[in-house]
Structures are given as structure tokens and as C-alpha cells.
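Protein sequence lines, in the order shown, are assigned to chains A and B.
Just so you know, the first sequence maps onto residues 1 to 201 in our numbering.
Just so you know, the second sequence maps onto residues 1 to 201 in our numbering.
Treat each hint with caution, since some may be false.
Pairs count within a copy or across copies, as identical chains cannot be separated in the list.
Each computed BS3-like pair below joins lysine-lysine, with the alpha-carbon atoms no more than 25 Å apart [claimed, not checked]:
{"no.": "1", "residue 1": "K30", "residue 2": "K104"}
{"no.": "2", "residue 1": "K140", "residue 2": "K37"}
{"no.": "3", "residue 1": "K196", "residue 2": "K37"}
{"no.": "4", "residue 1": "K37", "residue 2": "K199"}
{"no.": "5", "residue 1": "K140", "residue 2": "K38"}
{"no.": "6", "residue 1": "K30", "residue 2": "K166"}
{"no.": "7", "residue 1": "K38", "residue 2": "K19"}
{"no.": "8", "residue 1": "K19", "residue 2": "K166"}
{"no.": "9", "residue 1": "K19", "residue 2": "K30"}
{"no.": "10", "residue 1": "K166", "residue 2": "K38"}
{"no.": "11", "residue 1": "K19", "residue 2": "K199"}
{"no.": "12", "residue 1": "K38", "residue 2": "K199"}
{"no.": "13", "residue 1": "K19", "residue 2": "K37"}
Hint data in this document are derived by calculation from the structure and do not stem from the laboratory.
One letter stands for each residue in the lines below.
2 protein chains.
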Amino acid sequence: MAKQIVGPEIERLVQLLAKLPGLGPRSARKAALALIKKREDLLVPLNAAMTTAIERIVICGLCGNVDTMAPCAVCRDEARDPSVLIVVEDVGDLWALERAGVMKARYHVLGGHISPLDGVGPDALNIPSLIERAGDEAIKEVILALNATVEGQSTAHYLTELLVDKSVTVTRLAQGVPIGGELDYLDEGTLAAAIKSRKQV
Amino acid sequence: MAKQIVGPEIERLVQLLAKLPGLGPRSARKAALALIKKREDLLVPLNAAMTTAIERIVICGLCGNVDTMAPCAVCRDEARDPSVLIVVEDVGDLWALERAGVMKARYHVLGGHISPLDGVGPDALNIPSLIERAGDEAIKEVILALNATVEGQSTAHYLTELLVDKSVTVTRLAQGVPIGGELDYLDEGTLAAAIKSRKQV
Numbered sequence: 001m002a003k004q005i006v007g008p009e010i011e012r013l014v015q016l017l018a019k020l021p022g023l024g025p026r027s028a029r030k031a032a033l034a035l036i037k038k039r040e041d042l043l044v045p046l047n048a049a050m051t052t053a054i055e056r057i058v059i060c061g062l063c064g065n066v067d068t069m070a071p072c073a074v075c076r077d078e079a080r081d082p083s084v085l086i087v088v089e090d091v092g093d094l095w096a097l098e099r100a101g102v103m104k105a106r107y108h109v110l111g112g113h114i115s116p117l118d119g120v121g122p123d124a125l126n127i128p129s130l131i132e133r134a135g136d137e138a139i140k141e142v143i144l145a146l147n148a149t150v151e152g153q154s155t156a157h158y159l160t161e162l163l164v165d166k167s168v169t170v171t172r173l174a175q176g177v178p179i180g181g182e183l184d185y186l187d188e189g190t191l192a193a194a195i196k197s198r199k200q201v
Numbered sequence: 001m002a003k004q005i006v007g008p009e010i011e012r013l014v015q016l017l018a019k020l021p022g023l024g025p026r027s028a029r030k031a032a033l034a035l036i037k038k039r040e041d042l043l044v045p046l047n048a049a050m051t052t053a054i055e056r057i058v059i060c061g062l063c064g065n066v067d068t069m070a071p072c073a074v075c076r077d078e079a080r081d082p083s084v085l086i087v088v089e090d091v092g093d094l095w096a097l098e099r100a101g102v103m104k105a106r107y108h109v110l111g112g113h114i115s116p117l118d119g120v121g122p123d124a125l126n127i128p129s130l131i132e133r134a135g136d137e138a139i140k141e142v143i144l145a146l147n148a149t150v151e152g153q154s155t156a157h158y159l160t161e162l163l164v165d166k167s168v169t170v171t172r173l174a175q176g177v178p179i180g181g182e183l184d185y186l187d188e189g190t191l192a193a194a195i196k197s198r199k200q201v
């Protein structure tokens, strides 16, 4: 960006917006311009929403979810099955499963996956607290809802070994053809998993 | 988004982020999560940058550029050619031309293009102030740097007619093959323009 025509204030706004996932340098400029042009409709409300987020949003010490109170609304929800713990990599995964709305259980957010290449070992994740929670006799099942990536699956493998001596059933998500998926567009790994885990109709 | 698990504060942050150009509902969720997770590195600085923008950024009454002072830095820049006025649709176009850095002139931001279908007539744009500036005897040339779209070109046509009785030369950007462009991928209109305006080597 031409430094001489855009003041440091706009420049800084653009640079920070470019750090958001999904925005690059060009779209950050567009976003900054949209904010400046829609001052009252967008810039002022978004600024206020961020101030609120800074003041009020905390991370739940129990499960790792984000909320305005700790323990979070999910952990405090008495209507949820207290015997099932769903382990996810990230808060976004928790949100995705809640949008699916198929299971009313509690969660445990690892905060990522084990990735030696990126220097992320088991110690960097919320694994000790998971093992502690899984030791609670109320927990009967731990569902490893990790990404079907190499890192997600090796993290799941690592957790399975840690949980083997706890009195819990460890399960993982089914793998197969996604709903609406066309076989022709699916990779061989997915098709192999779908054939291997085929079900009688 | 599942209302029951994400509090209204996060929900509002996501909804406002989704209004930014380039972010949809899904990427707005990712952006909100990134902001919450990178509280000190991203959320707090971006919030501060927005507060500064709200407090300090104004629209230049002379050319329509955005800056922290009015007249803006471009209008106050004595090193620029005072005889040339570059007319653009939007501030983003001004930034793009300044990045190209090929001409040190002053600008006039229309604030859009004439689009009867969207209810945008000439009255909604900064056209009267352009005609007034073009009437200044210091101005010798008005460059219509409008988009090469139907709306941009019809706006250029409209402006040309208004400027015909002023003592200024009205020019427009050259049309042709973009630098790095492959002929095979260009549309017929661009190729026709490039052939028509061919130059002797």
C-alpha cells in the first residue's frame, strides 16, 4: 500500500484485518474501506462488539469452550448426558457438532492436534485435563471427534492409548461417503473406508 | 449458529464480521474464533485501530478520499501536478492508481457509478463538485479512470457530455491486453479493443 496516500491509522487497520483468516492484503483493504464508508452501520457496532468480547469472553476452564461465563453454558447445561464426553480439536469443531445438534453431551476442547513438525507435542494440548475428566466414574464413553487428517488421526491414536486403562468406552466418528457426496469426486481413501465399513440394508 | 451454545456476544461479533466484504457466515465464525483466541495479539489491537478510525478518519470534502485530515494528504500535496484531475469511482480505485504510482495528480472520487437499475442516478454521486472543479482554470485535463464495465463506461459517457463545454481535455484509460495476459484467455471485447487501438512498434 502506498504509504504516502494512506495515513498510518488506515494502514494499521488494513494490516490487522489482513491477519483475520479468510482475508488477504487485497480483501483487507476492501474490508477497511467498507468499515470506513459504513461508519455508523458497521464500524461503530463492530468496534462495540469487540469491546464487549474483550471485556466479557472467557475460556471455560473445564472444557476449553469460549463463553461469557466459566464454566460455559455447555458445561452448566443439566439436560446434557453426563456420561458422554466428545473430544474435539478446536472450539469451531464444537460449534459445528452443536449445529448438527445430534448429541447432547459435554465436550473437551484439545486446543489443536499433535504435530511434531510444528513443534506441537502432547504437552501443548489440554490432554492431562482430559485424562482426569475421563477418570471420573460418571463418564462411560469418550467420543474422539477429531479431524480425519493425518494429525487428527495420530492424535486420536495417542489419546486411545492413554485412555485404555480408564473404565470408558473410546469411540471415533464413522468414516465414509459424506451426505450428498458423489462417488466420482471422492478420494480413494474415503471410498476404501466406506467399502470397509459397509452396512447391511 | 446454534443459539444455545454461543452467547449473544459472540453471535453478534460473528454477524457483524459477516458483513465485511470477503467474509461469509462460515469465514466470519472462523474470524471471530481467531479474534477470541488471539485476544492480545489481534482482538485488542484491532479494536484499538477501529476506535482510532472512528475518532480520526474523515472524508475529504474536496476529492472524496478518506484520511485523518481534510483536505486529505493527496489534495494538500504541493508536489502533484495541479492541472490534472483523475476521476475514479471509489477510494479503492484511488489507492490502486497510487500503488501503480505512475502519475502524481489530484483525484476526484465519484462515490460509485450511475446505475439506474440500482436507483443510483447522477444526483447520488459527487458530480456537481467535479463540474465545479473542472471549471477551475488551473485544470487542463480530466482523466476518466472509471471501471471498464457497462456502468463505469456509461458514467464516463455522461461525464464527457457534461464536461464538453469546459476548457479541459477529457481523456480515458487505454483499453487492451493486460500486462501478463494471455490472448487465449481474454474475452472478445478486450481483443477487439486491443486490435482497434493497436500501436506502431
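Using 25 Å as the alpha carbon limit, work out where K30 and K166 are close: within a copy, between copies, both or neither. So K30 and K166 fail the 25 Å test inside a copy (53 Å) and across (34 Å) alike.
First find the shortest C-alpha distance between K19 and K166 inside one copy, then the shortest across copies, and answer within, between, both or neither for a cut-off of 25 Å. neither (42 Å within a copy, 47 Å between copies)
My question is about K19 and K37: at a cut-off of 25 Å on alpha-carbon distance, are they close within one copy, between copies, both, or neither? both (21 Å within a copy, 13 Å between copies)
Is the C-alpha distance from K38 to K199 at most 25 Å within one copy, between copies, in both cases, or in neither? This pair counts as neither: shortest intra-copy Cα distance 54 Å, inter-copy 44 Å.
Intra/inter-copy verdict for K37 and K199 if alpha-carbon distance must be at most 25 Å: So K37 and K199 fail the 25 Å test inside a copy (56 Å) and across (41 Å) alike.
Is the C-alpha distance from K19 to K199 at most 25 Å within one copy, between copies, in both cases, or in neither? neither (45 Å within a copy, 44 Å between copies)
Indicate which option fits the pair K19, K30 if close means a Cα-Cα distance not exceeding 25 Å: within, between, both or neither. both (14 Å within a copy, 12 Å between copies)
Within, between, both or neither: how does the pair K38, K19 come out at a Cα-Cα threshold of 25 Å? Cα proximity of K38 and K19: in one copy and across copies (21 Å, 10 Å).
Between the shortest in-copy and the shortest cross-copy C-alpha distance, which are at most 25 Å for K30 and K104: within, between, both, or neither? between (40 Å within a copy, 23 Å between copies)
From the Cα coordinates, with 25 Å as the cut-off, is the pair K196 and K37 best called within, between, both, or neither? neither (56 Å within a copy, 39 Å between copies)
For the identical chains here, do K140 and K38 meet the 25 Å Cα criterion within one copy, between copies, both, or neither? For K140 and K38, the Cα distance exceeds 25 Å both inside one copy (52 Å) and across copies (34 Å).
Please sort K166 with K38 into within, between, both or neither, judging by C-alpha distance up to 25 Å. neither (56 Å within a copy, 34 Å between copies)
Violated hints, in rising order: 2, 3, 4, 5, 6, 8, 10, 11 and 12; the structure is consistent with all others.
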